[in-house]
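Here is how the chains run, residue by residue.
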Amino acid sequence: MKEPAISINDLHVSYYGNEAVKGVSLTVNRGCLVGIIGPNGAGKSTFLKAMLNLIPRDKGEVKVFGKTLKEVRKKIAYVPQRNNIDWDFPITVLDAVLIGTYPHLKLFRRPKKKEKEWAMECLQRVGMQDFSKRQIGELSGGQQQRVFLARALAQQADLFFLDEPFVGVDISSEETIINILKELCLQGKTVIVVHHDLSKASDYFHQLILLNKELISFGTVDEVFKQDVIEKAYKGQFAFINEMGVSV
Amino acid sequence: MAFIDAVMQYSFLQKALLTSMMVGIICGVIGCFIILRGMALMGDAISHAVLPGVAISYMLGINFFFGAVFSGVITAVAIGFVSQNSRIKHDTSIGIMFTAAFASGIIIITMLKSSTDLYHILFGNVLAVRSSDMWITLAIGLIVLAAVYLFYKELLVTSFDETMGAAYGLPVRIIHYFLMTLLTMVTVASLQTVGIILVVAMLITPAASAYLLTDRLWLMIFLAAGIGVISSVVGLYFSFTYNLASGATIVMAATAIFALVFLLSPKHGLILKALKVKKRRASLV
Chain A
1 MKEPAISIND LHVSYYGNEA VKGVSLTVNR GCLVGIIGPN GAGKSTFLKA MLNLIPRDKG
61 EVKVFGKTLK EVRKKIAYVP QRNNIDWDFP ITVLDAVLIG TYPHLKLFRR PKKKEKEWAM
121 ECLQRVGMQD FSKRQIGELS GGQQQRVFLA RALAQQADLF FLDEPFVGVD ISSEETIINI
181 LKELCLQGKT VIVVHHDLSK ASDYFHQLIL LNKELISFGT VDEVFKQDVI EKAYKGQFAF
241 INEMGVSV
Chain B
1 MAFIDAVMQY SFLQKALLTS MMVGIICGVI GCFIILRGMA LMGDAISHAV LPGVAISYML
61 GINFFFGAVF SGVITAVAIG FVSQNSRIKH DTSIGIMFTA AFASGIIIIT MLKSSTDLYH
121 ILFGNVLAVR SSDMWITLAI GLIVLAAVYL FYKELLVTSF DETMGAAYGL PVRIIHYFLM
181 TLLTMVTVAS LQTVGIILVV AMLITPAASA YLLTDRLWLM IFLAAGIGVI SSVVGLYFSF
241 TYNLASGATI VMAATAIFAL VFLLSPKHGL ILKALKVKKR RASLV
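Which chain is which? The protein sequence lines are A and B, in order. The first sequence begins at 1 in the numbering used here and counts up by one. The second sequence begins at 1 in the numbering used here and counts up by one.
The hints are all genuine.
Residues on chain B that point at chain A, a partial pick, calculated with CB under 7 Å:
{"#": "1", "residue": "F160"}
{"#": "2", "residue": "T163"}
{"#": "3", "residue": "M164"}
{"#": "4", "residue": "A167"}
{"#": "5", "residue": "Y168"}
{"#": "6", "residue": "G169"}
{"#": "7", "residue": "D215"}
{"#": "8", "residue": "R216"}
{"#": "9", "residue": "M220"}
The list that follows gives simulated cross-link-like pairs (lysine-lysine, BS3-like), each with its CA atoms no further than 27 Å apart:
{"#": "10", "chain 1": "B", "residue 1": "K278", "chain 2": "B", "residue 2": "K267"}
{"#": "11", "chain 1": "B", "residue 1": "K267", "chain 2": "B", "residue 2": "K279"}
{"#": "12", "chain 1": "A", "residue 1": "K75", "chain 2": "A", "residue 2": "K63"}
{"#": "13", "chain 1": "A", "residue 1": "K70", "chain 2": "A", "residue 2": "K59"}
{"#": "14", "chain 1": "B", "residue 1": "K276", "chain 2": "A", "residue 2": "K133"}
{"#": "15", "chain 1": "A", "residue 1": "K133", "chain 2": "B", "residue 2": "K267"}
{"#": "16", "chain 1": "A", "residue 1": "K59", "chain 2": "A", "residue 2": "K75"}
{"#": "17", "chain 1": "A", "residue 1": "K200", "chain 2": "A", "residue 2": "K182"}
{"#": "18", "chain 1": "A", "residue 1": "K22", "chain 2": "A", "residue 2": "K226"}
{"#": "19", "chain 1": "A", "residue 1": "K133", "chain 2": "B", "residue 2": "K273"}
{"#": "20", "chain 1": "A", "residue 1": "K106", "chain 2": "A", "residue 2": "K63"}
{"#": "21", "chain 1": "B", "residue 1": "K279", "chain 2": "A", "residue 2": "K133"}
Computed spacing ranges between beta-carbons, pair by pair:
{"#": "22", "chain 1": "A", "residue 1": "K74", "chain 2": "B", "residue 2": "Y242", "range": "57 to 67 Å"}
{"#": "23", "chain 1": "B", "residue 1": "F3", "chain 2": "A", "residue 2": "K74", "range": "50 to 60 Å"}
{"#": "24", "chain 1": "B", "residue 1": "D91", "chain 2": "A", "residue 2": "F65", "range": "36 to 46 Å"}
{"#": "25", "chain 1": "B", "residue 1": "A100", "chain 2": "A", "residue 2": "D88", "range": "25 to 35 Å"}
{"#": "26", "chain 1": "A", "residue 1": "K114", "chain 2": "B", "residue 2": "Y152", "range": "13 to 23 Å"}
{"#": "27", "chain 1": "A", "residue 1": "G141", "chain 2": "B", "residue 2": "I107", "range": "45 to 55 Å"}
{"#": "28", "chain 1": "B", "residue 1": "F70", "chain 2": "A", "residue 2": "E223", "range": "52 to 62 Å"}
{"#": "29", "chain 1": "B", "residue 1": "I143", "chain 2": "A", "residue 2": "E175", "range": "46 to 56 Å"}
{"#": "30", "chain 1": "B", "residue 1": "Y152", "chain 2": "A", "residue 2": "P56", "range": "26 to 36 Å"}
These are calculated hints, taken from the structure and not from any lab test. All C-beta atoms in this analysis are idealised placements derived from N, C-alpha and C, irrespective of residue type, glycine included.
This is chain A alone, in the form it adopts within the complex (with noise of 0.2 Å):
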């Protein structure tokens, strides 16, 4: 399995002339789980933003498969922050799991019968069947999350893109999640996550991507965790790490 799902090359990303990604150039094999740390204000899901063209990049070439990523947008879920979604749009949590099947709808096409068992199934899949009939914002935090990796799951893709999906998730859910994800890496799929959380990284990811603006370090897990490479990630923020119980 050692087919390219993602290949970067020299990913340069600016606010208003302030470099937050600098010269970033990584490939990522099929069926990967891949976890995107670094302090805080590294570029985390500015990075991850940039792989998809969700905001401009100032220079960098993406390519998924092997192709543009025009191409292959419908083969790429993303599930984004908890904190961008209005919880109280009114929508209840089957149909927002049906709007994974969009991208495979045509135009002017409606979800039918088809398409609602496809998302009763997936959200069946994260445990979350008995609240079809719910509005979204009436779920905790871990139970919207799995809502949203429903979505993702709706959608069929073969690469995966999660933005934070831990904070403010409780421990079930969160082990559901990683084991959804960890699922996908054995189905041949491709999963990038951007993580906060130095202390679980080793459990969850096969591959880190450790990032300070720059790439500081890509690799397994046991490559990227030796306390060098992490203390050029994280400069002065070295005490707290200890405090976290990492082994470095």
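For this one, chain A is given, so just place chain B on it according to the hints.
Here is chain B on its own, set in the frame of chain A:
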């Protein structure tokens, strides 16, 4: 009732009724998307921004529809351009651009020396609707409703989670300006009925009432349209019976409905929520 007799008898009243009902429907429908996208101020802005377009259309002797859509869309683009290319926040950009458009419209109309027209454009005069105005409103109404029906999926995704839409390849920027164009068309259709100043109320108030009544978007859209129609009919009744400005009475009717819903809505209403809290607290004693 005298009002019903009058509607039967006078064709000007029939036209007024039909036009304002159509306005109630399309304002309600578009209003749902406007409030869910947090663009209420944008609705106000675009409705004011059609003024210079209307004025120039009068000057050139063309149908004011074209000028209005043109100046509305230009203003929407200008608002986006300023907020995206400077540290100016979106609402500030809106404030700058729509007042500029509105002011320029006033100057043009004043130069044309037809202040009666200005009054009617600003405040509406539904009882003076001509047949051609009615047909324009109905045509715009059908276009807007068809557009929302056909692009419902896209409008839903971009209103709920725009980033996801962009990630799977939707042209979110184009959809935004598409909605702005629909908004401008709705404003133009509403000129005669409620006037530029009060269009925003017809966009926002019925949609907000509907928002408090349901947790499903499609139902919210139907409710908003229904509330818009009821407001229009009730408003027209008061306008005709007591000889009041139609725009004002229609908006007051919509506001009265909102007040009722705000207090009495089963799920999100003030009174029932308070009762539930009270009951819960009593059960804990």
